[in-house]
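Undergrad: Take a look at the letters that make up each chain.
Number of protein chains: 2
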Amino acid sequence: MKILLAKSAGFCFGVKRATNMAFEAAGGCRHICSLGPIIHSPQVVEKLADEGVQVVDRVEDITQDNVIIRSHGITAGELDQLASKSLSIIDATCPFVKKAQQHAASLSRDGYHLVLVGEAEHPEVQGIVSFARSAPVTVVATPEDAEKLPRCSKLGVIAQTTQSLGNFQQIVALCLRKSKEVRVFNTICDATSVRQEEAREIASKVELMLVIGGFNSANTTRLAVICKELQPNTQHLETADDIEPAWFEGISSIGITAGASTPAWLIEQVVKKVERFSGTDSE
Amino acid sequence: MKILLAKSAGFCFGVKRATNMAFEAAGGCRHICSLGPIIHSPQVVEKLADEGVQVVDRVEDITQDNVIIRSHGITAGELDQLASKSLSIIDATCPFVKKAQQHAASLSRDGYHLVLVGEAEHPEVQGIVSFARSAPVTVVATPEDAEKLPRCSKLGVIAQTTQSLGNFQQIVALCLRKSKEVRVFNTICDATSVRQEEAREIASKVELMLVIGGFNSANTTRLAVICKELQPNTQHLETADDIEPAWFEGISSIGITAGASTPAWLIEQVVKKVERFSGTDSE
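Protein chains in written order, with our numbering: chain A, 17 to 299; chain B, 17 to 299.
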């Protein structure tokens with residue numbers, strides 16, 4: 017039995033940073049909450065809850081003295097609301113997301129119709145677009161959406177940090193038909209494409225592919241979809257408890273990767289259990 | 017016999033404007049020259065020579081008191097040279113080319129590495145890039161050229177006015193891999209794509225396609241190439257004298273278009289001769 021573990025599996029820079037900030041802050045005080053889950057890993061959020069970090073969904077419901085802003089960021093409106101309360105704010109927004117928020121604000125200030133390539137429902141996207149306060153905004157998920165963009169004098173284009181470059185390229189190309197000026201900031205985080213590339217490589221070599229990460233994590237879900245295209249025998253799991261012995265029957269090679277919000281200890285538990293089932297060590 | 021004449025055949029806005037300016041200027045004075053041919057039509061240039069407009073290739077060779085700047089524009093260096101002479105300057109640069117020159121200058125001033133999508137040898141391209149005096153410039157003709165672009169902090173992308181949108185889109189998409197910021201001004205003139213689209217439509221319907229225009233005209237040559245892809249029986253001709261009777265043997269439908277620098281009277285002469293050969297009227 018051969019086990020291939022992706023080098024890029026697990027926490028990205030922004031998630032690692034946010035998680036560290038949250039655990040550090042929790043160690044120092046008890047009156048603390050996070051606005052929305054810090055990262056899209058129910059297991060990490062649970063561990064933080066054990067340390068006293070409660071998740072609060074709306075600013076008006078905060079009763080604690082300290083609030084942590086999650087890695088995906090929050091909206092400009094929520095930021096204003098927080099500022100009007102006498103709270104201590106720990107901003108764990110991923111620096112790459114913050115950069116996208118800043119581009120949204122400055123493109124909008126400069127009169128560009130903002131096109132954000134991403135998923136309209138994702139909290140990161142809702143946060144970013146809220147910073148474009150001075151000009152129209154359109155969230156575009158697919159080239160078909162881009163075809164429907166109105167003609168306008170200047171378009172500013174940015175992306176959700178976890179977008180695929182190919183989709184972004186296609187949409188930018190279509191924007192050239194809609195406006196004489198198209199100003200693009202490529203806000204895609206390389207970690208996503210590196211992780212996806214490695215997952216593709218591994219999935220194409222193995223008989224079973226395991227993708228570990230929150231069922232509420234968009235990047236993990238996309239990772240599982242990508243793997244499934246190359247290896248239909250792909251399983252998306254959150255923890256080692258989700259593993260089923262039947263998966264390993266007649267299988268001689270297994271690939272393992274994990275989303276950006278999956279902690280190292282969860283990956284290790286899965287790897288150990290897989291090794292036990294298969295009676296082998298991972299590479 | 018059916019003859020289809022393209023509605024978009026012949027002079028574009030910029031060429032018509034330059035030619036009118038040249039004939040008007042020639043009527044008023046005799047000490048006049050143009051720096052390079054006004055437009056890429058040897059027949060129009062000859063007519064202007066009859067009116068006294070001589071073609072001079074280098075600023076240092078100008079002996080006349082008045083100089084006309086051709087529709088394709090000239091380089092920033094030539095403009096400086098002209099300004100240092102006590103000459104009257106008639107600027108017949110196409111306003112769309114001038115706009116591209118201005119974008120080249122301002123993008124370069126703002127520190128963008130300029131990417132000009134076009135043919136490096138074309139006088140319009142040589143003119144435009146010369147205005148980018150403050151940052152590096154690369155002329156890119158194909159996606160393969162774009163792959164070789166260096167990584168840099170910000171790229172400014174513009175196009176030769178007669179470029180195809182498809183090539184421009186592909187190159188812009190590749191630029192997104194080379195820089196975090198890509199600022200694009202779509203300087204392609206719609207007249208070119210409208211003309212090419214109509215030529216494609218007609219060429220796909222006829223048994224013989226005629227493309228009229230200077231052999232030194234890049235846009236006419238490209239038009240002939242586009243037509244040949246759809247109808248291998250395509251002829252590129254400059255004047256009615258180039259027509260050969262053998263072309264019409266066994267042919268029941270003929271399409272006619274002309275480049276942006278082909279005057280209406282040249283098109284009319286060709287149409288008349290084709291009608292004579294085929295014994296029919298054009299549509």
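Among these hints, one or two may not hold up.
Chain B stretches covered by chain A per the calculated footprint, using a threshold of three residues with CB under 8 Å from any CB of chain A [as the list claims (entries may be wrong)]:
hint: 1; segment: 145-152
hint: 2; segment: 285-292
Straight-line distance between alpha carbons at most 20 Å, and here's what the computed PhoX-like set of lysine-lysine pairs gives [as the list claims (entries may be wrong)]:
hint: 3; chain 1: A; residue 1: K170; chain 2: B; residue 2: K196
hint: 4; chain 1: A; residue 1: K114; chain 2: B; residue 2: K115
hint: 5; chain 1: B; residue 1: K23; chain 2: A; residue 2: K170
hint: 6; chain 1: B; residue 1: K115; chain 2: A; residue 2: K194
hint: 7; chain 1: A; residue 1: K115; chain 2: A; residue 2: K32
hint: 8; chain 1: A; residue 1: K115; chain 2: B; residue 2: K114
hint: 9; chain 1: B; residue 1: K170; chain 2: A; residue 2: K115
hint: 10; chain 1: A; residue 1: K194; chain 2: A; residue 2: K170
hint: 11; chain 1: B; residue 1: K221; chain 2: A; residue 2: K196
hint: 12; chain 1: A; residue 1: K196; chain 2: B; residue 2: K114
hint: 13; chain 1: A; residue 1: K196; chain 2: B; residue 2: K101
hint: 14; chain 1: A; residue 1: K63; chain 2: A; residue 2: K101
Simulated from the structure, these hints should not be mistaken for lab results.
Beta carbons: idealized from backbone N, C-alpha and C, even for Gly.
Undergrad: Checking against the hints above, which ones are violated?
TA: Hint check: 1, 2, 4, 5, 8, 11, 13 and 14 fail, others pass.
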